[in-house]
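**Student:** Top to bottom, those sequences are chains A and B.
Reminder that position 36 of the first sequence reads as 139 in the numbering used here, one-by-one numbering, no gaps.
Reminder that position 49 of the second sequence reads as 91 in the numbering used here, one-by-one numbering, no gaps.
Since the hints were derived computationally from the structure, they do not count as laboratory data.
Backbone N, C-alpha and C fix where the C-beta goes; we use that ideal spot for every residue, glycine too.
Some clues are possibly wrong.
[What the hints assert, rightly or not] DEER-style ranges, computed between Cβ atoms:
id: 1; chain 1: B; residue 1: N65; chain 2: A; residue 2: P111; range: 34 to 40 Å
id: 2; chain 1: A; residue 1: G187; chain 2: B; residue 2: I154; range: 34 to 40 Å
id: 3; chain 1: A; residue 1: R176; chain 2: B; residue 2: N65; range: 46 to 52 Å
id: 4; chain 1: A; residue 1: R176; chain 2: B; residue 2: E58; range: 42 to 48 Å
id: 5; chain 1: A; residue 1: G119; chain 2: B; residue 2: N98; range: 48 to 54 Å
id: 6; chain 1: B; residue 1: N65; chain 2: A; residue 2: S189; range: 28 to 34 Å
id: 7; chain 1: A; residue 1: T123; chain 2: B; residue 2: N65; range: 38 to 44 Å
[Said to hold, decoys possible] Covered stretches of chain B, as calculated for chain A (at least 3 residues, CB under 8 Å):
id: 8; region: 56-66
id: 9; region: 145-155
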Amino acid sequence: KAGVTQTPRYLIKTRGQQVTLSCSPISGHRSVSWYQQTPGQGLQFLFEYFSETQRNKGNFPGRFSGRQFSNSRSEMNVSTLELGDSALYLCASSPRGGGEQFFGPGTRLTVL
Amino acid sequence: DAKTTQPNSMESNEEEPVHLPCNHSTISGTDYIHWYRQLPSQGPEYVIHGLTSNVNNRMASLAIAEDRKSSTLILHRATLRDAAVYYCILRDNLETSYDKVIFGPGTSLSVIP
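The following block holds chain B by itself, in its conformation from the complex (with noise of 0.2 Å):
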C-alpha cells in the first residue's frame, strides 16, 4: 500500500498563506492525492485532490510536483476555523477500486489569532 509522510504539526498566523507538505514517493502511477481534513469533534471531510495537475477549488489549492512524488495543499489565508488535523492519502479512482484507504497521523495545523 502506497504511503505518505507528513509534518506531525504546523503553525500559521491568520490570514496569511499556509504550506502543508507531503511526501509520496511511492506513488503508482494510477494513484490520485487526496487531502482531507479532521476538525476537533467531526468526522474527517473532503478538502481536494488530484493526479498529475495543480488543482483549485473553494477551500484550497493543491500542487503537485512533476515527479509526483510530493504534492502540498495551500490554504491562501488562514482563519481559525481552518485549525483541523490534515490528511494526506492516496487513492485508486478507478470505478473498479476498493483498494484499503490508509491514513498517516497527518499534520495538526494551529492557526494563531
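Next up, chain A with everything else stripped away, as it sits in the complex (with noise of 0.2 Å):
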C-alpha cells in the first residue's frame, strides 16, 4: 500500500505571496491532519479533515486554510506569506480520526 505522499517536496516563496500544498492520503484514509513544524515551536497541530469537513482546528491565523475532496485527498493553502511561515508543513493520514496516523515526508516551505 502505498504512503502518505505529499507534494511538492520544497517551495520558495517570497513575502505577501500565496501557496498551496498537496497531500495524498493512504487509499482508504477518510482523515487528513496538517502540522507546522520549525526550530522554534516545534510540531504544530494546524487543523483536520473528515469527509470533507474541518472537524478540528489548531491556533493558527486565517491565512491558513484547506480542505479535503471527495476521494480524500487535501491542500493546504497559506496567503499573504510572511517569513514566519518558513517551516516543514506535515500531512498525516488515519482511517478515521483517532489512533494512529500515518505521515508523509512534508513539504519544506522557504519564506524570503
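Grab the two chains, each in its own frame, and use the hints to assemble them into the complex.
**Tutor:** And the structure:
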C-alpha cells in the first residue's frame, strides 16, 4: 500500500505570496491532518479534515486554510506569506481520525 | 488538552537498552498513550500505543504505570538507526474522536557507537 504523499517536497516563495500544498492520504483513509514544524515551536497542529469537513483546528491565523476533496486528498493554503511561515508542513492520514496516524515526508516551505 | 512532559535529550550506547520516560499526570480515562519517533529529515512514524496494560511490538515495548500518570518506552537494544526525536502523546481512540493532537518537544535520543 502506498504511503502518504505530499507535493511539492520543496518550495520557495516570497513574502506576500500565497502557496498551496497538496497531500494524498493512504488509500481508504478518510482523515487528513496538517501540522507545521519549526525549530522554535516544534510540531503544531493546524487542522484536521474528515469526509470533506474540517473537524478541528489549531491556533493559527485565518491565513492558513485547507480543504479536502471527495477522494480524501487534501490541500492547505497559506495566503499573504510571512517570513515566519517558513517551516516543514506535514500531512498525516488515518482511517477515521483517532489513533495511529501515518505521516508523509513533508513539504519544506521557505519564505524569502 | 492533556499534555505530556519528557526529558529534552537522552544518550544511549549502541546495543544497550533505552528507557524513555513520559509523564502525563492529567491523562483522562479514555486517553491512549502513543509514541511516535521522527528520524532526521523524515516525518514522524508510529512506534507503539497502549491504554492500561504493557504492550510489545517488533519495534519497542511500552510500560504503563498502574495509575497511568506515567509511561516508559523501552528500546531493547539501541541501534544507530534509533537516533531520533521520540514523542509521547495522548490520543482518544474512540471512533468518534477528533481531538487536537498536541506534540510536545519530545526527547532527542543520541546513540553512541
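**Student:** Confirm or reject each hint.
**Tutor:** Verification of the supplied hints:
Distance hint check for N65 of chain B and P111 of chain A: the Cβ-Cβ separation is about 39 Å, which falls inside the suggested range of 34 to 40 Å. A beta carbon spacing of about 36 Å between G187 of chain A and I154 of chain B agrees with the range 34 to 40 Å that was offered as a hint. At roughly 38 Å, the beta carbons of R176 of chain A and N65 of chain B sit outside the given window of 46 to 52 Å. The given range of 42 to 48 Å is respected by R176 of chain A and E58 of chain B, whose C-beta atoms sit roughly 44 Å from each other.
At about 52 Å, the CB distance of G119 of chain A to N98 of chain B agrees with the hint of 48 to 54 Å. Remark: the range hint 28 to 34 Å for N65 of chain B to S189 of chain A is upheld by a beta-carbon distance near 32 Å. Take T123 of chain A and N65 of chain B: their Cβ atoms lie about 39 Å apart, and the range 38 to 44 Å holds. Only residues whose beta carbon comes within less than 8 Å of a beta carbon in chain A count, and the region 56-66 of chain B has 0; fewer than three means the coverage is violated.
Interface restraint, the region 145-155 of chain B with chain A: holds (4 residues with C-beta to C-beta distance below 8 Å; minimum three).
When the structure is compared with the earlier hints, violations turn up for hints 3, 8 and for no others.
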